[in-house]
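Assemble the whole structure, with the sequences as input and the hints as a guide.
If you're matching them up, the sequences are chains A and B in order. Mapped onto our numbering, the consecutive letters of the first sequence carry residue numbers 800 to 1169. Mapped onto our numbering, the consecutive letters of the second sequence carry residue numbers 61 to 259.
Hints are supplied without guarantee of correctness; some may be wrong.
Unchecked claim - In silico EDC-like cross-links for lysine to aspartate or glutamate, where the CA-CA straight-line distance does not exceed 20 angstroms: (1) B:Lys248 with A:Asp946; (2) A:Lys882 with A:Glu805; (3) A:Lys882 with B:Glu239; (4) A:Lys1021 with A:Glu1062; (5) B:Lys248 with A:Asp1027; (6) B:Lys224 with B:Asp191; (7) A:Lys876 with B:Glu239; (8) B:Lys182 with B:Glu158; (9) B:Lys222 with B:Asp137; (10) A:Lys876 with B:Glu243; (11) A:Lys1067 with A:Asp1056; (12) A:Lys876 with A:Asp898; (13) A:Lys857 with A:Asp898; (14) B:Lys182 with A:Glu974; (15) A:Lys1067 with A:Asp946; (16) B:Lys182 with B:Asp217; (17) A:Lys923 with A:Glu1015; (18) B:Lys248 with A:Glu1028; (19) B:Lys110 with B:Asp133; (20) A:Lys1021 with A:Asp995; (21) A:Lys882 with A:Asp898; (22) B:Lys248 with A:Asp995; (23) B:Lys222 with B:Glu197; (24) B:Lys224 with B:Glu192.
Stated by the list, open to error - Computed spacing ranges between beta-carbons, pair by pair: (25) B:Val113 with A:Ala802: 39 to 49 angstroms; (26) A:Gly878 with B:Arg254: 54 to 64 angstroms; (27) B:Lys222 with A:Asn858: 54 to 64 angstroms.
It should be emphasised that the hints constitute simulated quantities derived from the structure, not laboratory data. Don't be surprised by glycine CBs; every beta carbon is placed ideally from N, CA and C.
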Amino acid sequence: MIASLEARGYRNLAGELSLSIDPHLTVFHGLNGAGKTNLLDALHFGLTGASMRSGAIKNAIGFESDSARVEVEFSDKTGTMHKTLASLDRSGQRRNLVDGAAPTASVPLPRVALFHPDHLQTIKGPPAHRRALADQVAGSLSPSQTDLRARYGRTLAQRNAQLRRVRAGELPVTELEVWDSRLASEAAPLVASRRDAIEILAPHFREAAITLGLTEPGIAYKTRVGGDEESIRLRLAELRTEDPGRAYVMYGPHLDDLHVEAEGRPLKQFGSQGQQRAAVLALLLGERSALAGAGRESPILLLDDVMSELDPRRRELLIGAAVAGGQVVVTATDLSQVPSEGFAPTSTSYRVEAGRIDAGADSPPLAEAV
Amino acid sequence: MYAGPISRLIAELSRLPGIGQRTAQRLAFHILRSPEDQAFALADAIREVKEKVGLCEVCSNLSEGPRCQICTDERRDRSSICVVEEPADVIPIERTGEYRGLYHVLGGALSPIDGIDPEDLKIAELIGRVDEGGIEEVVLATNPTTTGEATAQHIADRLAGKTKVTRLASGLPVGADLEHADEVTIGKALAGRRSLSGD
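In structure tokens:
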């Protein structure tokens, strides 16, 4: 549970800024350019050591500062309070600590789930985005599998380098055997972990997607790689003899995809912008509820600039589902876009203006616990 | 900037791994200030190591003569060979005191990206040693990395049917707290767990 945020020198946020984060729903609202997204980004930086925006991390240091520093207070499962510290300075030095030391397995950094408009690429973009999603879900459901993707990638790179040399006539085709064999032993667990993860995610995704208004939503893992390590090895051996002239391995989990659909049609080709956005949100909500189902801690959900695109009913459904799954922080241009009363047990809102929290109006909490 | 010899020393020192321009400068001035015998001892040590230390003709470990200390030690078990990537890998295994056999240093690991093929490593020499007979076990102790695993696989394939081939297990560091181990390591250790009681 995230308790509070302190930021100094982060992007356009002015002075030393300190605010508490609601156990259920926190709203940052203000006009465009006021700094509400930067405030959300500060929280993201404090929790992950990385900005949620693309571009050089040094740009996260405010124009008038030499360094940026964000601290986030949070409680772990046992209720013990901890504090993260993320900082960076103009010389490029970066730190991301918990209680003054590197994060450990017993006191890790709190997890974060983020919706950012760029994330529509998960649905719209090339399959690589969806493979990354599958691996991220697999890794968060079972952290011992986080290295499978990287291991496979390194082996594939070596295998392709070997293939190029075979093609150039520098080596006989038999020199591929070892790398094919290695590739098969790295591919099999990767495929299995993706399949398991999507199988666990699918019902949670469906439920969230229906809540957000999609009809007959579905998510499926698509791979041409079937069977165990041995059958993958055999298939690679067949390909080796059938078509030794290929420049790349055209078979393997690096060509996998996820099919995200509604009404029986893939959202990538046929989804409207609104449906695609709903699907991305449903993936986030689905992953959180899958994690909760597996007895793991639900990540705090950061929703940047999503309210303005939704009709009032969808806003209510989104906030209701998001708050039911754990802590939520949202940005909005107008507070009225965020339904809180009746949808969250408690909520706190901050009006952001010119990089400052406007002390008037709506903080302290809008609605007390029911 | 500095007199010729000093610049040259700085340039040479900064070629060492982990030594930048500034550290090289500091080292150079330290050497300049230190007593003559100390500075010459360093120079001699460098010369000596290059003149006298070569590779063992049997196992390719570092050696002062044609054969290394381990290969010439009569007390070692001559029926097993432990295969490692680099001479530096011999030291930690020796420190365990658990292994009494011989070594074979490959001089690297297979890596198509860097153009390192079996011929660039001392693999043929290893096969030759096994073919000579008397080897009951080859322990593959290459690193658990992409290239180390592929190298182990390659050697295992080539030694198939010739002798018993084993691979180091992976697991938890002994004496370390479980809480400080990463998930991947613990996962591997779980997968390779062993029974402590019957059946």
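Outcome of the hint check:
Our distance criterion of 20 angstroms between C-alpha atoms is met by Lys248 (chain B) and Asp946 (chain A), whose separation comes to about 11 angstroms. For the given pair, Lys882 (chain A) sits about 10 angstroms from Glu805 (chain A) by alpha-carbon distance, which is consistent with the 20 angstroms threshold. For the hint linking Lys882 (chain A) to Glu239 (chain B), the alpha-carbon distance of about 19 angstroms falls within 20 angstroms, and the restraint holds. Between Lys1021 (chain A) and Glu1062 (chain A), the direct Cα distance comes to roughly 18 angstroms. Compliance with the 20 angstroms bound is thereby established for this hinted pair.
Under the criterion of a C-alpha separation no larger than 20 angstroms, the hint pairing Lys248 (chain B) with Asp1027 (chain A) is consistent with the structure, at around 19 angstroms. The suggested pairing of Lys224 (chain B) with Asp191 (chain B) holds, with an alpha-carbon distance near 13 angstroms, which does not exceed 20 angstroms. For a cut-off of 20 angstroms, the pair hint linking Lys876 (chain A) to Glu239 (chain B) stands: about 16 angstroms separates their Cα positions. The straight-line distance between the Cα atoms of Lys182 (chain B) and Glu158 (chain B) is roughly 25 angstroms, outside the 20 angstroms bound, and the hint therefore fails.
Proximity of Lys222 (chain B) to Asp137 (chain B) is assessed by CA-CA distance (about 18 angstroms); at most 20 angstroms being required, the pair is judged to hold. Between the alpha carbons of Lys876 (chain A) and Glu243 (chain B) the distance comes to roughly 19 angstroms, so the proposed pair stays at or under 20 angstroms and holds. Our distance criterion of 20 angstroms between C-alpha atoms is met by Lys1067 (chain A) and Asp1056 (chain A), whose separation comes to about 12 angstroms. Pair hint Lys876 (chain A) plus Asp898 (chain A) holds up; C-alpha atoms about 16 angstroms apart against a cutoff of 20 angstroms.
Under the criterion of a C-alpha separation no larger than 20 angstroms, the hint pairing Lys857 (chain A) with Asp898 (chain A) is inconsistent with the structure, at around 24 angstroms. Note on Lys182 (chain B) and Glu974 (chain A): the hinted pairing holds, with a Cα-Cα distance of about 17 angstroms set against a maximum of 20 angstroms. Restraint check: the Cα-Cα separation between Lys1067 (chain A) and Asp946 (chain A) comes to about 28 angstroms, which exceeds 20 angstroms; the hinted pair is violated. Annotation: proposed proximity of Lys182 (chain B) to Asp217 (chain B) holds, straight-line Cα distance about 16 angstroms (limit 20 angstroms).
Pair hint Lys923 (chain A) plus Glu1015 (chain A) holds up; C-alpha atoms about 19 angstroms apart against a cutoff of 20 angstroms. For a cut-off of 20 angstroms, the pair hint linking Lys248 (chain B) to Glu1028 (chain A) stands: about 18 angstroms separates their Cα positions. A distance of roughly 24 angstroms separates the Cα atoms of Lys110 (chain B) and Asp133 (chain B); the hinted pair therefore is violated under the 20 angstroms criterion. Using a Cα cut-off of 20 angstroms, the hinted pair Lys1021 (chain A) and Asp995 (chain A) holds, with the two alpha carbons roughly 12 angstroms apart.
For a cut-off of 20 angstroms, the pair hint linking Lys882 (chain A) to Asp898 (chain A) stands: about 5 angstroms separates their Cα positions. With a C-alpha separation of about 18 angstroms, the suggested pair Lys248 (chain B) and Asp995 (chain A) falls inside the 20 angstroms cut-off, and the hint holds. Straight-line distance between C-alpha atoms of Lys222 (chain B) and Glu197 (chain B) comes to about 10 angstroms, which keeps the hinted pair within the 20 angstroms bound. As the CA atoms of Lys224 (chain B) and Glu192 (chain B) are separated by approximately 15 angstroms, the hinted pair is consistent with the 20 angstroms bound.
Range check, Val113 (chain B) to Ala802 (chain A): about 60 angstroms between beta-carbon atoms, so the 39 to 49 angstroms window is missed. For the hinted restraint 54 to 64 angstroms between Gly878 (chain A) and Arg254 (chain B), the CB-CB distance of approximately 37 angstroms leaves it violated. Under the hint 54 to 64 angstroms, the C-beta atoms of Lys222 (chain B) and Asn858 (chain A), about 60 angstroms apart, fit the expected range.
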